[in-house]
Structures are given as C-alpha cells and as structure tokens.
Amino acid sequence: MLRARWQRSILFRVIFSTVTFTIVFIALLGTVLFNQISNGIYREKINASVTEAESLAGYDQGQLYATQYLAHLKLATVVAQILRPSTPSVDTAPREVVLLGSLRGKEGDQTYNGASGNLDVRSVPTSFRKLVQKSTNTHWVRANVFYKNGLTQPAIIVGSEIVMPPGTPYELYYIFLLNEQQTIMGFISKLLWVTGIFSILVIGLLSWYVTRQAVIPLRDAAEIAEELTAGDLNRRMDVQGQDEMARLAISFNEMAVSMQQQISRLENLSRLQQRFVSDVSHELRTPLTTIRMASGVISESASQLDPAGQRSAELLASQIARFESLLTDLLEVSRFDASASILESKETDIGSLIHQTLDHLQPGDATQIRLHLPSEKVVAEVDPRRIERVLRNLIANAVDHCDGKPIDITLVSTQKEVAVGVRDYGIGFSEREASRLFDRFWRADPSRSRIRGGTGLGLSISLDDAKLHQGSLKAWGAPGLGAHFVLTVPRFPGIPIESEPISADPNEGKPTSFLSFDEDDI
Amino acid sequence: MTHIMVVDDDQDLAEMLGIVLTGAGFEVDLVNSGDQAITLFQASKPDLVLLDVMLPGLSGIEVAKEIRAISMVPIVMLTAKGDTHDVVLGLEAGADDYMVKPFNPSELVARIKVRLRRAPSTGTPTLRIGEVEIDQVAHTIVSRGKSIPLTRLEFDLLVALAKEPGRVFTREALLDEVWGYQNATDTRLVNVHIQRLRAKIEDDVDNPTIILTVRGVGYKAGASGE
Numbered sequence: 405m406l407r408a409r410w411q412r413s414i415l416f417r418v419i420f421s422t423v424t425f426t427i428v429f430i431a432l433l434g435t436v437l438f439n440q441i442s443n444g445i446y447r448e449k450i451n452a453s454v455t456e457a458e459s460l461a462g463y464d465q466g467q468l469y470a471t472q473y474l475a476h477l478k479l480a481t482v483v484a485q486i487l488r489p490s491t492p493s494v495d496t497a498p499r500e501v502v503l504l505g506s507l508r509g510k511e512g513d514q515t516y517n518g519a520s521g522n523l524d525v526r527s528v529p530t531s532f533r534k535l536v537q538k539s540t541n542t543h544w545v546r547a548n549v550f551y552k553n554g555l556t557q558p559a560i561i562v563g564s565e566i567v568m569p570p571g572t573p574y575e576l577y578y579i580f581l582l583n584e585q586q587t588i589m590g591f592i593s594k595l596l597w598v599t600g601i602f603s604i605l606v607i608g609l610l611s612w613y614v615t616r617q618a619v620i621p622l623r624d625a626a627e628i629a630e631e632l633t634a635g636d637l638n639r640r641m642d643v644q645g646q647d648e649m650a651r652l653a654i655s656f657n658e659m660a661v662s663m664q665q666q667i668s669r670l671e672n673l674s675r676l677q678q679r680f681v682s683d684v685s686h687e688l689r690t691p692l693t694t695i696r697m698a699s700g701v702i703s704e705s706a707s708q709l710d711p712a713g714q715r716s717a718e719l720l721a722s723q724i725a726r727f728e729s730l731l732t733d734l735l736e737v738s739r740f741d742a743s744a745s746i747l748e749s750k751e752t753d754i755g756s757l758i759h760q761t762l763d764h765l766q767p768g769d770a771t772q773i774r775l776h777l778p779s780e781k782v783v784a785e786v787d788p789r790r791i792e793r794v795l796r797n798l799i800a801n802a803v804d805h806c807d808g809k810p811i812d813i814t815l816v817s818t819q820k821e822v823a824v825g826v827r828d829y830g831i832g833f834s835e836r837e838a839s840r841l842f843d844r845f846w847r848a849d850p851s852r853s854r855i856r857g858g859t860g861l862g863l864s865i866s867l868d869d870a871k872l873h874q875g876s877l878k879a880w881g882a883p884g885l886g887a888h889f890v891l892t893v894p895r896f897p898g899i900p901i902e903s904e905p906i907s908a909d910p911n912e913g914k915p916t917s918f919l920s921f922d923e924d925d926i
Numbered sequence: 020m021t022h023i024m025v026v027d028d029d030q031d032l033a034e035m036l037g038i039v040l041t042g043a044g045f046e047v048d049l050v051n052s053g054d055q056a057i058t059l060f061q062a063s064k065p066d067l068v069l070l071d072v073m074l075p076g077l078s079g080i081e082v083a084k085e086i087r088a089i090s091m092v093p094i095v096m097l098t099a100k101g102d103t104h105d106v107v108l109g110l111e112a113g114a115d116d117y118m119v120k121p122f123n124p125s126e127l128v129a130r131i132k133v134r135l136r137r138a139p140s141t142g143t144p145t146l147r148i149g150e151v152e153i154d155q156v157a158h159t160i161v162s163r164g165k166s167i168p169l170t171r172l173e174f175d176l177l178v179a180l181a182k183e184p185g186r187v188f189t190r191e192a193l194l195d196e197v198w199g200y201q202n203a204t205d206t207r208l209v210n211v212h213i214q215r216l217r218a219k220i221e222d223d224v225d226n227p228t229i230i231l232t233v234r235g236v237g238y239k240a241g242a243s244g245e
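Chains as they are written, first to last, in my numbering: chain V, 405 to 926; chain G, 20 to 245.
Just so you know, the hints here were simulated from the structure itself, not pulled from any lab data. Keep in mind the model is a prediction, meaning the values are calculated, not measured. Where hints are given, some of them may not hold.
[To be verified] Label-pair distances were calculated between CB atoms; the ranges are:
(1) G:A157 - V:D710: 53 to 61 Å
(2) V:K750 - G:D54: 40 to 48 Å
(3) G:P144 - V:E718: 49 to 57 Å
(4) G:A62 - V:F896: 55 to 63 Å
(5) G:E111 - V:L762: 33 to 41 Å
(6) V:R639 - G:D54: 51 to 59 Å
(7) G:N123 - V:A712: 22 to 30 Å
[Unchecked claim] Result set (EDC-like, lysine to aspartate or glutamate): computed pairs, CA atoms no more than 16 Å apart in a straight line:
(8) V:K809 - V:D769
(9) G:K100 - V:D733
(10) V:K750 - G:D205
(11) V:K750 - G:E191
(12) G:K100 - V:E687
(13) G:K165 - G:E152
(14) G:K182 - G:E196
(15) G:K100 - V:D683
Glycine included, each C-beta is placed from N, C-alpha and C at the ideal position.
All chains should be modelled from the sequences, with the hints used to inform the complete structure.
Next up, the structure:
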C-alpha cells in the first residue's frame, strides 16, 4: 500500500523523503551537540575533582604521618576525620570518601577500611582498584556509586595510594557526586529532543504546504482533464494570480476551448451530413412514388407493348423496387447515425420468427436449410421488426453464398440471452474481408454479389440493430469452409448480454454446438 | 360515383394519383394548395380526402383540422416521413389513416376502399356500451339523448369494440379489424383514435368508462348498461 502511495502521490513522496532526511540530519546534529556539551561540562568537573582530591590526599597523608610524632594524635581519630562526610557548603560539591586496605600489603591489613556516611565501600569498582594499586599516581573514573539504603548516584571516583603508619599501603578514594552535571545534561538532552522533534514537524508541515501549492493545481488539472475526457466539455480550471500555475491553467483552458470548438465543429458537420442524408432520402420519396405509380400503370398495359417494351417495363419495375429498398436502408442508416432509432420491444417467439422469415425469403428448393430449434418455445422481449430484418439479412447472405451446400440455423437460449447462428459451408471469406464485412456498401466479391440485389447496407444495419438491443453480431469465416454469423440479444430489454451461448468460431469451445442440440433436444 | 379529392403540391404526383385512382373507378379532384383545398371541399363535397402533409401555405395538418371541423369525411394522409411527429399531429388533427411514400398504388386503392366501405350491419341493429347507444343502420350514436357526430372510422372502432363486449382487443387486432392492416405494428394509429373517440363520448377522459384500457394488452368495451 505504501509502495502504491509512493508511486501515485508526489505529495506523499516529497513529504516522506523530506521528513526522512530531516530526521537523519537532526539525529546526527543532536548527537554531536550532546557529546560536545557533555564533554565540556564533565571535563571541567573532572579537573577540579582531581585537583581537590590530590590536595586532600596530601593533607590526609600528612595527618597520618603526624600521628607518629604527636602523642595526642591517635591514628583512629585521624582515620575517622578522613572518613567524616564533607560539610555541605555553597562552593564545594558534596563528596564522599572511601578508605580501603591495599591488597598489595604483605598482611593485607583491612583494619581501617571504611566509607563516609552511608556509602557502600563496594562502590569502588575492582578494575579501578587494580589500576590504583599498580602505580602511585592519582587515577580517576566515572562510575555509579551506591549507598546502603539502595540509592545509586553518578560520580567521579579519584583514587590514590596512601600509607597507613607505620607502613601499611591503603587506597584512598574521593568520590565527587555528579548530580548537578547530570541534571544539566538531562535538561540539555530534553531540550535537544524537543527542538529536534519540533524541527521535524515544522519541516514536514512546510514541505507539505509548499508541495501542496504546486500539486493542487496539478491535481485539479488532472481531474478536469478526466472530466473533459468523460465528455463534460464545459469544465475549466480556475485562474488565480499570474504565476506559473496560472499560466498552466490558462493554457489548459485554451486547450479545452480549442478542443470544444473542434469537436462542436465536427459534430455540426456530422449533424449536417446526417440531416443531408435524411433530407435527400425523404426528398427522393415523392418523385419515387410518382415513378412507381407510373411504372405500375405501364406494367398493367404491358400487353399492348412490343417485347422490348415489355422487358423494359419489367426492368423498370424491378429497379424501382431496388431503388426503394436502397432508400429505406439509407433512411434506416441515417436514423442510426442520428441516434434516432427506438427499440419497440415486445414478447416475441423467436422460433416462429425464424419460420416467418424463411416463409418471406422463400429460398427455393435448391437450398437445403436445416433448423436446429429447441423443443420448447423461446420467447424474448425484442423488437420483432429489427430481429426479423437481421435474420432476413443473415439467411439471405447464407443462401447467396452457400454454393449449393446446406445451411444450418441454430437457436439457443439461456437465462439471459437468446442466440441465433446461421452457418453455411460455401465460399466463406478471408480474414482481410472479415474486417470490412460490416462496412457500408462493401461487397465481398464485386463480380457476383449483385445477383440477388441487396443494398450493401444489410450487415451494417444488422449490426446496428444488434447493438440497439445491447446484443452482439459476430462473424466467422474461412475461404472454402463457409461462414458463421451469430446474433446474440438479451432476453429482456435494457440488460446487456453477458455471454454468447453460440460461439461464432465453430472450432472454438464446444465444437458445433448445434450437433449436441440434435441429440439432446430434437 | 365515388368522389376523391387529392391535395398535393407536387403536380406530377397529383396527376399520377389522378390517373391511378381514375383507373380504379373513382372520380378525382386535384388541388395543389391547402388554401384551395378548403374552398373546393365545400363546393364539391368529396367522399374522401387524400392529403399530403407537407404543403406550402396552409399545411396538411391545418387542412385536416379545418375539414374535420365541418365534416366527418374520411381523410388519408400522405407523408414522406413515416417516423416523425408529423404523423401523430396529422392523426390528432383528424386524419383516419396515413400512407408513407413511396407507397404501392394497389395498396393505396385498397386502403381507400376500406375507408369508404360501409360496415355490413350484422346481428342486432343497435348496440350499447354504458350510456352510449349505437344505431348500426342509421350510423349514428346517441349518448344520454344527445346525438354525437363520429367519423366513419371512429364509428367502426366503437362498433368493433361493442360487438364483442367481453373481448380484449390488442392494438394489432384493431388495426386488422378497423384499418384492414395485416401484421402491422404501428400502434400510434390506434392510440390516437382511441383518444379522439374518448374525447367525444367519455364524461371524464382520464377515467374512461366506455372504452377501457387493459394495461399491457389493449382495449375493451366498458360494462353494458343493460
């Protein structure tokens, strides 16, 4: 999902990358800053602590030696004095003292071991003690010290060796608590965190705001372009100010206007064209009526004419009939083009419509027509005039091209669709021809197709009729193997077909579906 | 001799119609404009009017209206556009039937003969639907003591329904019975004339009691008053 958003939204991408980079940058900056500050603060404290511890240790050593010469000064008293907790004052930080018998001593004397106040003597880490024992220098370490009441405190431990008279080595540790420093560092760290998070938020918001400024007009443009594509040619972008976005909006709107003009120009042209076809067809009807009546009168008195005159009268009559059907088809086409066709659906028995069509066509005894109809009645709510016209076209075509071989007419119905297939085994057609089959006035074979007349508009009108029903008309053909035309229409108007119960390609799926019908239903 | 008035601005077509109709045994008057048509109609009192819808000056629809205002003579319209509003307008103006150009001359003659024929009065000479009494001999109808003028087609339509009071007629059946069409599907003819008939004989056109609509099927006669 994140990936999809990444790919689909510039806004998301910009904010995501800006915030990521900001987080990394601020984290680095914060770490460096924190370390610098903490080093500075602690170093000062350490220096002060070491100096103080050295001076204290020197004084303590002096006091210890003094016990050897001054009778009133008892060793135990001095040790107690050393281990006395510091008196808290304004300029001295609280400190603690630990005195431990060095393990370097021969006897390992531990008599004077002790710590000031409540401090646990085990607060001094063993590793640090080893370091102190190794040399006579002063050493320091940062460690947590703990009290007998369980309290733990950060501290600097400064250790050095001290000699307990008469000569026993001891370790003296001064412990300076770092409470104050830790409070300061805690405060600084909090400050850094707050500043960091705040900066990230601000930068995130800023990038969101800035990107939106650029992206919103783009998004609007995309939406409006989509609406234009969907057909709402009156949509325009808002033009605000004079910046680049305004320029985008202006050019976008100019494009839309020019597109709209172009489209309406073409629409006008095509409407004019349709009107023209329709008007011409209508205008031709009055003279055609006169001609037709005249031809009728001539035919009636044909017996008084010589043979040439008689034949001429026949030709006149048949050509007028052809002219008339051409005109009718032309009007039908212009009605489809103007989307003025209306479906007049009613319950129709498709089987009897097929019989009716065959009665009309009277294909003659030379052609064998095999019907494959289901035993029960197939009723669909269709426009019978249109369906009859499609069937008439398909069957007439099959009869014209069957080459003396039989024709199969199949009727199959499902819950939602009715399909009629017309299959011949005649000359068929090539793939190249198939693509032009439904074109107006296109004829597969100019040398032979005018035998039966036909206007050249039949299949085009049939296809329009099928589409008007929200159905389909599919064709399959192969040279020398014949052709298969399949009309599929919904059984109830307004519900588009979902499947085609008969496949136009006889090699596809169930081979020759009508054969299985033969066995099951007839 | 039966007298037909042909109103058409196309002189050649009018002349041709004259030739065909004369050949079929009618006496024909030719008129080329709507204005002349009314004057001539009053002078010659034809038995049927053949009327082109598209006329210069007074249009065919207006001519039909004016003729219908003064006479119940059958009117057949000629039109080049069979699928337009013009047809419905013409029928509403009072035309009984229409022919779409180019028509078959023999079909035209047949249609004219249907319009001119007197329905053979079979069975009882008087029929009744509700308040309406139909005299098949005198070709008149009386509703609540008032005589109502009907065109011959309207009369035929009413008789067809009244003759079989229980039967529901589909529009196709009525087209066959009254207009003489076979396998016709243009139901506008029936709808328009049923409306015209209702306007003349029903008390409330929106709640008809004499000619009832059977939804999805067609029409039937209302309950007989007897």
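Check each numbered hint against the structure and report the violated ones by number, ascending.
none
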